[in-house]
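Q: Spelled out from the first residue to the last, the chains are:
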Amino acid sequence: MELFVFAVAGLMVLGGAVGVVVRTHPVHAALSLVLTLFGIAVLFVAQDAQFLAAVEVIVYAGAIVVLFLFVIMLLGIDQAENLHVEPFKIQRPVAIAVGAGLVSLLGLAVIASREHPVPVVTPSQAVTDAALDPHDGNIRALARDVFSDHVLAFELTSVLLVIAVVGTVILARKPRKGESYVTGSAQ
Amino acid sequence: MIAAIQPTTTWYLLLSAALFAIGVVGVMVRRNPLVLFMCIELMLNAVNLSFVAFAKKMGDVGGESTVFFVMVVAAAEVVVGLGIVVAILRHKPNATTDDLSELKG
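One line per chain: the protein sequences are G and R, in this order. Under our numbering, the residue at position 103 of the first sequence is numbered 103, and the numbers go up by one with no gaps. When you read off a place in the second sequence, starting at 1, and then add 187, the result is the number in our numbering.
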């Protein structure tokens, strides 16, 4: 059963990823990205990370891909890119070679390190709690970890999000009359 | 019995490596800035997948909280990146990354 879930979700992930790369239409690429993200969410559930699977679907598939589609529609660039134009003739073979080399190197590293024993880590308090309470242990353990050990990082993410939102508003607004972002050769 | 085979951590790591490589190839091949962002998302998700696989294998929830923070930072990155793309493409419609190789308005 786990094998079946892994096979189906893995095919979704890889098929969607290939779709993102080869589909010329940006909207189709975004929909392929949704397929990949759903496959990743299924794999998260299979690895007992239910909360992260929910966040994956809500934040990635819900918010980020909708943002992509929104920008595509807003700017009216929803037309197919001509993939036959190649500015650099050698770029695509080199890219394929780099990708194949990367996957084979990473795969060799993973397979070579498979036999080594995993170093024993003493489980933290959160892990022990999760083991004691298997029903909602994942969310509880994750919350305990985020809000105790990483609470400073958690607060800093809120600062980061505020900075990102303010910066985007400044970047994306239209310049007022008489002011221009472009100096020198301004129209 | 084929149903008795359990997918191990190694399988998840290999899948993650393949996903990351596809993302790298996409960044190198595509020229639409939006599709480049999507390929970066693919790479981030590949890393998230291996984090979760290791968290499961080690029995440590720290990997999962790292994935949580990676998701937040990825959301911020997409927001800022799309803001830049909107600002550029409003200036030059249908620009590809080749047209944007110079930092000139």
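Note that these hints are calculated values from the structure, not bench results. Only a predicted model underlies this, so the values are computations on that prediction, with no experimental measurement involved. Just so it is clear, CB atoms sit at the ideal spot from N, CA and C, and this is done for glycine as well. One should not assume that every hint holds.
As the list claims (entries may be wrong) - Chain R regions said to be covered by chain G (calculated; three or more residues, Cβ under 8 Å): (1) 197 to 207; (2) 217 to 230; (3) 243 to 255; (4) 267 to 275.
Q: So, for every hint listed, does it hold in this structure?
A: Status of each hint after checking the structure:
Restraint check on the region 197 to 207 of chain R versus chain G: 10 residues with Cβ-Cβ distances below 8 Å, three needed, restraint holds. Under the rule that three or more residues need a Cβ within less than 8 Å of chain G, the assignment of the region 217 to 230 of chain R holds, with 10 such residues. Coverage of the region 243 to 255 of chain R by chain G holds [criterion: at least 3 residues with CB-CB distance below 8 Å; count 11]. Counting residues of the region 267 to 275 of chain R whose beta-carbon sits less than 8 Å from any beta-carbon of chain G gives 7, enough to reach three: the coverage restraint holds.
This entry satisfies every hint, going by the numbered hints stated previously.
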